[in-house]
Amino acid sequence: MIPSSAVRRLFFLLALLVLVCAASTAWAGEVHFGDGNVLKGTIHSFKEGELTFSTDYAKKNKIPVEEIQTITTEEVVTVELKTGGILKGRLVTRQDGSMGIELVPMEEVVSLRWDEIKYINRTPRRWKGNVFLGGSIQTGNVEVTSISGGAEAERKWERDRLSLRAFHNYVEQDGEINSRNTFGAFKFDHFFTDRFYGLISTELLKDEFKNLNLRAVIGGGVGYKFWENDTKNLEFELGVTYFSEDLRVGEDERFTTARFASNLMYQFTDNLKFTNYLLVYPKIAQPAEYRLRNEASLNTRFTENWSFKLTHILDQNSRPSTGVKKTDQTFIFSIQYEFGN
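Those letters in the sequence shown? Residues -28 to -1, 1 to 313, per mature numbering (1 follows the signal peptide of the UniProt record, and there is no 0), in order.
The reader is advised that the hints may include incorrect statements.
Stated by the list, open to error - Label pairs and their calculated CB-CB ranges:
1) Glu39 with Leu136: 37 to 43 Å
2) Gly295 with Gly147: 19 to 25 Å
3) Tyr91 with Phe303: 27 to 33 Å
4) Thr203 with Gly112: 31 to 37 Å
5) Leu136 with Ala260: 15 to 21 Å
6) Gly147 with Asn205: 41 to 47 Å
7) Ala260 with Phe303: 36 to 42 Å
Said to hold, decoys possible - Here are the simulated DSS-like cross-link-like pairs (lysine-lysine), alpha carbons at most 25 Å apart as the crow flies:
8) Lys197 with Lys34
9) Lys128 with Lys90
10) Lys54 with Lys197
11) Lys178 with Lys197
12) Lys90 with Lys197
13) Lys159 with Lys204
14) Lys32 with Lys54
15) Lys54 with Lys178
16) Lys32 with Lys182
17) Lys182 with Lys128
18) Lys178 with Lys128
19) Lys298 with Lys178
20) Lys298 with Lys182
None of these hints come from the bench; they were simulated from the model. We put the CB at the ideal spot given by N, CA and C, even for glycine.
Construct all of the structure, not just a fragment, from the sequences and the given hints.
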C-alpha cells in the first residue's frame, strides 16, 4: 500500500503542474473587432492607424483601429503620443466603452484615443538590411567563374535616415576577365514631415569594360514617400547632381544632370517580395543624353532571415565611349541574409 503522505505529495505536484501549464497558455490580452471577431494574444505594434496583434497561430494580424470595439491587455505596453509624450501601462476598456490606459506603477486609468497615438511598442532604432552572394563555376569545354555579391543597409532616427548600398560583379572565362564592376551608393535624408524629405546623395561606379575608371555622382534634392508599411513602400526623388566620369581612354567628362530616383517594395505574400531601385541622370544642357541604372529583384524567403534572390540589373548610357555598347544587362541568382527586421 502506498503511504497517504506520498499520495498527497503526488496529488500536490500534479495540481501544481496543471496550474503552471494553465498559466503558460493564458492569453495576455483580448481584442474585439469587426463583425463579432475576437482575438486573444498580445499587441505586437501600432502604426499609422493599424494595430498588429499576435496570437499563437498567427504572428501578425493587422486590424484597422476603426474596426476595434474593445481591447484589454495584461502585458505592459509603451505608447508614444503624437505630442511627443510616452505612456507605459495596460490598455483597458472603460465602463463607458472608451479606451484607456492603466499607468504603471501608479495604477491610475487615464483616457486614450487612437488618433492620439503615434506608435505602440515601437521597435528600437537599429541598422537593418541584407547581404547577398551568388556565383557559379563551369569546367569542361568552357572554363567560367562568376561571383556576384553586395549589401544594403539602412538606419533611421526620429527625422533622419541613412542608406548604404554596395554591389560587385566578377566574371572570368578561359582565364580572361570579361566582366568586373563595382557600384556603391550613399544617401542621407532629413524628413521635414512624415512623407516629405530633403536629401544628399553620392553614387559611384567603376567598370573597366565600360571604359570607366570611376563615375562619381554627387548631389541633393527632395523626395516624397507615397507608401510605407509592411506590404508596400514607394518613394520618388528629384534633384540636381554634379556628374564626373574618369575614363580609361579618351577625355574625361564633367557636367550637371538632373537626378530622378524611385524605390519600390511590394510584399506579395509572407515569403515573396519584389523590389525595384531606379536611378536616371538626364544631362541638363542636353536632356536627350542620360545615364540610367535599374535594379529589380524577386526574393523568395525559406526561413525567417534567409531567402533566394533573383536580380536583373539594367545599365544604360545614351552616348557611350567608342566601342562600348549602350546597354548592359546582368542576371544574378543569389542567396540572401536579412538582418535587423
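Results for each hint:
no.	hint	verdict
1	Glu39 with Leu136: 37 to 43 Å	holds (39 Å)
2	Gly295 with Gly147: 19 to 25 Å	holds (23 Å)
3	Tyr91 with Phe303: 27 to 33 Å	violated (40 Å)
4	Thr203 with Gly112: 31 to 37 Å	violated (46 Å)
5	Leu136 with Ala260: 15 to 21 Å	violated (32 Å)
6	Gly147 with Asn205: 41 to 47 Å	holds (44 Å)
7	Ala260 with Phe303: 36 to 42 Å	violated (28 Å)
8	Lys197 with Lys34	holds (21 Å)
9	Lys128 with Lys90	holds (16 Å)
10	Lys54 with Lys197	holds (19 Å)
11	Lys178 with Lys197	violated (30 Å)
12	Lys90 with Lys197	holds (18 Å)
13	Lys159 with Lys204	holds (21 Å)
14	Lys32 with Lys54	holds (24 Å)
15	Lys54 with Lys178	violated (45 Å)
16	Lys32 with Lys182	violated (47 Å)
17	Lys182 with Lys128	violated (35 Å)
18	Lys178 with Lys128	violated (29 Å)
19	Lys298 with Lys178	holds (16 Å)
20	Lys298 with Lys182	holds (9 Å)
Hint compliance for this structure: hints 3, 4, 5, 7, 11, 15, 16, 17 and 18 are broken, all remaining hints hold.
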